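Let the hints inform the model, and build the full structure from the sequences given.
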Amino acid sequence: MELNLKRTLTCIILTVFTTLSTHAQSLCVIDGTPLPDSLLHVTIDEMRSDSAKQIVAKRLGFIPSQAIESIQIFSAEEQIKQGKNITFCTSPKDIIFIRTNSLAEFQWIINGKLKKPRKQLTIIDYKLSPQRIMEVLPRGINSTDIVSIDILTYTNDPRLEKHPTIVIKTKRTSPFKTKGTDRKAM
225 MELNLKRTLT CIILTVFTTL STHAQSLCVI DGTPLPDSLL HVTIDEMRSD SAKQIVAKRL
285 GFIPSQAIES IQIFSAEEQI KQGKNITFCT SPKDIIFIRT NSLAEFQWII NGKLKKPRKQ
345 LTIIDYKLSP QRIMEVLPRG INSTDIVSID ILTYTNDPRL EKHPTIVIKT KRTSPFKTKG
405 TDRKAM
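Quick note: the sequence shown, position 128, residue 352 per this note's numbering, numbers continuous.
In short, the hints are calculated from the structure, not lab data. All of these numbers come straight from a predicted model, not from anything done at the bench. There's no promise every hint is true.
Unchecked claim - Straight-line distance between alpha carbons at most 27 Å, and here's what the computed BS3-like set of lysine-lysine pairs gives: (1) Lys317 <-> Lys393; (2) Lys282 <-> Lys351; (3) Lys393 <-> Lys337; (4) Lys317 <-> Lys337; (5) Lys282 <-> Lys337; (6) Lys340 <-> Lys395; (7) Lys340 <-> Lys393; (8) Lys277 <-> Lys337; (9) Lys351 <-> Lys340; (10) Lys337 <-> Lys386; (11) Lys386 <-> Lys343; (12) Lys317 <-> Lys277; (13) Lys317 <-> Lys386.
The following block contains the structure:
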């Protein structure tokens, strides 16, 4: 009896996996990075609509629609037939390429001053791997000196030019000059 139950459960599981694999999902790629369905799940019909940018922005929830530059849809079979070096474990039905513009790149404010990071970091990169912030910190900033990190997004802001912003406060490692203090050696 127990053996028959195990066989029945195995058959059910195999049937479910077979059904899921035959109904291939679309693969979403933003700025060259494949996104998991847990982060962005869209349909081809939605991406072909006039409101595709708004749909992507709303589903992601942390990027304004103005930061999306273009959305292109390709058949996975077409890409493979054209000789593209694409290999899939499970071939997707379609590939959706989404490109963002500079409005998806973080601005960095450290101790109240605008700074440049070692490498640009987009909000998509951050959502996929939050520890990337530490990898691209501006020069002269050590992760051990950081007191706080705040991330500001402007998804519903009417000002179209607003970038997502990383605001970092650090420990002050060098003493400050104040009025009336003399720094001469004694």
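Query raised in the report: Which numbered conditions among the earlier hints are violated in the structure presented, ordered from lowest to highest?
Result: 1, 4, 5, 8, 13
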